[in-house]
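In order, the protein sequences belong to chains Z and R. For the first sequence, my numbering gives the first residue as 106, with consecutive numbering after it. For the second sequence, my numbering gives the first residue as 106, with consecutive numbering after it.
Since the hints were derived computationally from the structure, they do not count as laboratory data. Since we're looking at a predicted model, the values are computed, not measured. Check before you lean on any hint, since a few could be wrong.
[Claimed, not checked] One-sided excerpt, in silico: chain Z residues whose CB lies under 8 Å from chain R:
hint, residue
1, G292
2, N293
3, P335
4, I368
5, A403
6, S406
7, L413
Every residue gets a Cβ at the ideal spot worked out from N, C-alpha and C, and that includes glycine.
Number of protein chains: 2
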Amino acid sequence: MTDVSPLDVLPGPISPNRASTQALAALIADLGDIPVVTDSTIVRRRSRDFFWYSPILNEQLNGKAADVIVAPRDEVDVVRVAAACARHRVPLTVRAGGTGNYGQAVPLAGGVLLDITALDAIEWIRPGQIRVGAGAKMNAIDAETQHSGFELRMHPSTKRTATIGGFVAGGSGGIGSISYGGLRERGNILAARVVTLEPEPRVIELRGDAAQKVNRAYGTTGIITALEMPLAPSWPWIDVVVAFDDFMDCVEFGFEAALADGIVKKLLAPVTWPLPSYFGALKSWCPEGKSILIAMIAEPSLESFKALLGRRGVMTLQTPTDDGPGKVPLYEYTWNHTTLQVLKSDRTVTYLQCLYPHDRLLAKVAEMRAMFPDEVLQHLEFIRFNGQVTCSGLPVVRYRDAQRLNEIIALHEAHDVHIANPHVYTVEDGSRYKRVDVDQLGFKHEVDPYGLLNPGKMRSFTASR
Amino acid sequence: MTDVSPLDVLPGPISPNRASTQALAALIADLGDIPVVTDSTIVRRRSRDFFWYSPILNEQLNGKAADVIVAPRDEVDVVRVAAACARHRVPLTVRAGGTGNYGQAVPLAGGVLLDITALDAIEWIRPGQIRVGAGAKMNAIDAETQHSGFELRMHPSTKRTATIGGFVAGGSGGIGSISYGGLRERGNILAARVVTLEPEPRVIELRGDAAQKVNRAYGTTGIITALEMPLAPSWPWIDVVVAFDDFMDCVEFGFEAALADGIVKKLLAPVTWPLPSYFGALKSWCPEGKSILIAMIAEPSLESFKALLGRRGVMTLQTPTDDGPGKVPLYEYTWNHTTLQVLKSDRTVTYLQCLYPHDRLLAKVAEMRAMFPDEVLQHLEFIRFNGQVTCSGLPVVRYRDAQRLNEIIALHEAHDVHIANPHVYTVEDGSRYKRVDVDQLGFKHEVDPYGLLNPGKMRSFTASR
Chain Z
106 MTDVSPLDVL PGPISPNRAS TQALAALIAD LGDIPVVTDS TIVRRRSRDF
156 FWYSPILNEQ LNGKAADVIV APRDEVDVVR VAAACARHRV PLTVRAGGTG
206 NYGQAVPLAG GVLLDITALD AIEWIRPGQI RVGAGAKMNA IDAETQHSGF
256 ELRMHPSTKR TATIGGFVAG GSGGIGSISY GGLRERGNIL AARVVTLEPE
306 PRVIELRGDA AQKVNRAYGT TGIITALEMP LAPSWPWIDV VVAFDDFMDC
356 VEFGFEAALA DGIVKKLLAP VTWPLPSYFG ALKSWCPEGK SILIAMIAEP
406 SLESFKALLG RRGVMTLQTP TDDGPGKVPL YEYTWNHTTL QVLKSDRTVT
456 YLQCLYPHDR LLAKVAEMRA MFPDEVLQHL EFIRFNGQVT CSGLPVVRYR
506 DAQRLNEIIA LHEAHDVHIA NPHVYTVEDG SRYKRVDVDQ LGFKHEVDPY
556 GLLNPGKMRS FTASR
Chain R
106 MTDVSPLDVL PGPISPNRAS TQALAALIAD LGDIPVVTDS TIVRRRSRDF
156 FWYSPILNEQ LNGKAADVIV APRDEVDVVR VAAACARHRV PLTVRAGGTG
206 NYGQAVPLAG GVLLDITALD AIEWIRPGQI RVGAGAKMNA IDAETQHSGF
256 ELRMHPSTKR TATIGGFVAG GSGGIGSISY GGLRERGNIL AARVVTLEPE
306 PRVIELRGDA AQKVNRAYGT TGIITALEMP LAPSWPWIDV VVAFDDFMDC
356 VEFGFEAALA DGIVKKLLAP VTWPLPSYFG ALKSWCPEGK SILIAMIAEP
406 SLESFKALLG RRGVMTLQTP TDDGPGKVPL YEYTWNHTTL QVLKSDRTVT
456 YLQCLYPHDR LLAKVAEMRA MFPDEVLQHL EFIRFNGQVT CSGLPVVRYR
506 DAQRLNEIIA LHEAHDVHIA NPHVYTVEDG SRYKRVDVDQ LGFKHEVDPY
556 GLLNPGKMRS FTASR
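This is chain Z alone, in the form it adopts within the complex (with noise of 0.2 Å):
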């Protein structure tokens, strides 16, 4: 448990030294002509993200904002915002589509907020990889590469609106993960351009793993301007809901069709009634009383999935996955959208970050259903993590307090199944198993020695100059 800071001692937010009215006009005077919002109803509604499916991070983050917003129209823009923060000694926070749970959009002690949307720009794309400007979103980028027969490996269930660059600075994994693992997985990030935060900025090329240096750092260890990512061959996929009269029958089954290596898929999600109950437009596939497992399924492999599941559950959805204009795809009750439509209707849950342990996998399920029946309403996603099946799990959580959310994860973690605390704003704090194996510390004293870059995400980082 070394790695979950309980919230019972954790800090509140801090406040790094704000810049100046003077230094912040000064930094705007040598903007030039590069894009600028000082409204400050824009600037404080821009800085926020989805940080309010946390009530505790709602309380501390509510109301911070940014000074201003600086949108740079490319990378040339982008290095001279970060030389007149350098300068000026201006905070400055990387944003996008603004879609992450964890604050990492959002400024602790005000300076720029660095709008990156404007560098979509696909470079190129190859059979198998692309590179692409971090504010590329990441259905652009599908619908782009899906011509030539690919798609992203993987993506969050808010690809209608987040970029790439967010993702990697944030994400970890999602829609995807069962077939290729986590970002954190060798391969799954193949490069990374960063700017840095001097006087003088330089561009650096991280290639390999060294692109892990900027993965889940919330923009900490540099301005991320453009990635690499490996593609992933893009089937036909199809959406898919089984209904079961047992969450663990369901659980079972989606464990099967996850290590059933013949059966092409993107997404395995079981999902424990009630919470189908509040799922809006899908409800008329979801029947009363009954557990879920949300899938995607490659076209090709439908008849084999189905002699899998054999009579075990009953089909209520079949359709193609369509995710174009105006559509709401089946994702969109997957990862962490499973909890925004329960917060759609009901303010008082929250959710935990949960990675089973892949060798006891259903019996550790059934022991936290067992140990919290209607106070953790169990959500999994089947994922690869190091090479093997498991679940990240999900869970609504009926919110009392701090304190008991804090007993509940140390309940998790007493019994082998991690929690990354999405209660909490810091690299350090959260990330837990998404953790990834790279000095980002080392490389944030190399990039950002004013400790500018988003101010106070990477808790152990204290200013070298």
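Assemble the complex: chain Z is given as a structure, and chain R must be docked to it using the hints.
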């Protein structure tokens, strides 16, 4: 060890009833214009397969031959031959490429050798699926499907001469099984069409799980005329050889690469020194004294593969896979070809087929290596099996006699390394972990009531009529 028949209690080759000269003459008369070969030299030559890998099978099967070769031009011809064989009670053994290693194509009771290589038409290709005649060569299938970005999920090392029907009837897995598992995994055979051996033959379509009734049954459960197979995305593959000072380092790295879900691969085969010293044309890339890992890596994953390798081994070869006409691809040094490369210059060796337990893989490999340091020369193939990464072992064995071979087998089994014995010719005795979970015997009673299909190969069968 209940599945393993010790060699010392194995029966000699059985001699099912042969057809009379009159019956054969009547049969041939009934065949009309279907091509027939009666030249005994040709018939004898084509009644063989690669059973001579095994000194034991060589003794038992050498000289066994059909009476006549019949070469149907299409399924209608197959039905006519089947009807005639049933009518005249003439045994029928299917033969295609003849690349099997267990005598599956060797007729134990004479009769008809059915050469189905003319049934090679591609019925259709759809994204991710193909329907094709059982006699189609696998390299011809890949050549056709690769136009549209697909290829067979797996193939044996004999891909350039073997047919898809022969692979399904006797194979089990091969190059590609590191990603998709073996043919026995659900989804790896989509459908099979078989002709029954009855006076009025039926043509049966076996879909999904039912198709497993013909998997590794050596043609005893119906004459396969067509197969529907799943296809994999066709990557530009890179042939790679990596040299290691120590074999166990080679295995350990191979295991890591096998578990790396972000690295797309088709082959990972550790081969201990001195086996590479037998590798003919490949020797220039096999440094003296080094064990090697033979691999096929998708081109976009090569950089990640090298990053994983680091300085642990030396990459001596890196070249695009080419199995076009006149080329010897790297995979012809792997799977059953590894042993063949040694047999080319040393006929005193033979081999085994092992399945290592996935949860104690490295320890068990080291244990077997220590137990038979000079007698059992390790050659492993990383595969997925029941959703887990493990190794199939195809070690080259310095052969002393049947008794010692049996001891070696028993010692492996006693240490939880399962052996699918390649020194027996019956489905039951040789299958072990390759056995599929379906009632092949019951199905044989339905489709071959007189027991005329490859008689003697399904030991537990007794003709019902």
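Hints versus structure:
1. G292: OK, holds: Z:G292 within 8 Å of chain R, min 3 Å.
2. N293: Given a least distance of 4 Å, the restraint on Z:N293 holds.
3. P335: holds (6 Å)
4. I368: Hint on Z:I368: holds, closest Cβ of chain R at ~5 Å, below 8 Å.
5. A403: holds (7 Å)
6. S406: Hint on Z:S406: holds, closest Cβ of chain R at ~6 Å, below 8 Å.
7. L413: Where the cut-off is 8 Å and the nearest Cβ of chain R is about 6 Å from Z:L413, the hint holds.
Against the hints set out earlier in the document, no violation occurs for any number.
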